[in-house]
Amino acid sequence: MRIYDTLGTKEKEITSNLIRIYLCGVTVYDESHIGHARTIIIFDVLRRYLESKGSHVKFVQNFTDVDDKIINRAS
553 MRIYDTLGTK EKEITSNLIR IYLCGVTVYD ESHIGHARTI IIFDVLRRYL ESKGSHVKFV
613 QNFTDVDDKI INRAS
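Numbering (this note's numbering), first residue to last: 553 to 627.
If you're looking for bench data, these hints aren't it; they were derived computationally from the structure. All clues given are correct.
Straight-line Cα separation of at most 30 Å, DSS-like style, residue types lysine-lysine; simulated pairs:
# : residue 1 : residue 2
1 : Lys610    : Lys562
2 : Lys562    : Lys605
3 : Lys564    : Lys610
4 : Lys564    : Lys605
Listed next, with one range per pair, are the computed distances between beta-carbon atoms:
#  : residue 1 : residue 2 : range
5  : Arg590    : Arg625    : 17 to 25 Å
6  : Ala589    : Lys621    : 15 to 23 Å
7  : Ser568    : Ile623    : 41 to 49 Å
8  : Lys562    : Ile623    : 34 to 42 Å
9  : Phe615    : Thr558    : 14 to 22 Å
10 : Thr558    : Gly587    : 15 to 23 Å
11 : Ile586    : Asp557    : 27 to 35 Å
12 : Ile592    : Asn624    : 20 to 28 Å
13 : Glu565    : Arg625    : 40 to 48 Å
14 : Asn624    : Ile573    : 27 to 35 Å
15 : Asp620    : Glu565    : 41 to 49 Å
16 : Arg600    : Lys621    : 28 to 36 Å
17 : Asp582    : Asp557    : 26 to 34 Å
18 : Val580    : Thr558    : 19 to 27 Å
Virtual Cβ for every residue (Gly too), placed ideally from N, Cα, C.
Please build the complete structure, drawing on both the sequences and the hints.
Here it is, written out as structure tokens:
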């Protein structure tokens, strides 16, 4: 399987059994919509697929903390 490596900016063949994925999650400062779920679902499906093929996946996902945009929107 080949995958695009954003760090190296090129496609790479996956040769390791350990795959590390970092997903910068959504910043929700308004009502939720399908776009928020889309990102989460796509990467969850990718993780599950890789695990089903025998890979060990370290998956880290961030959800943005409260910041000024969120505070201003709430007022």
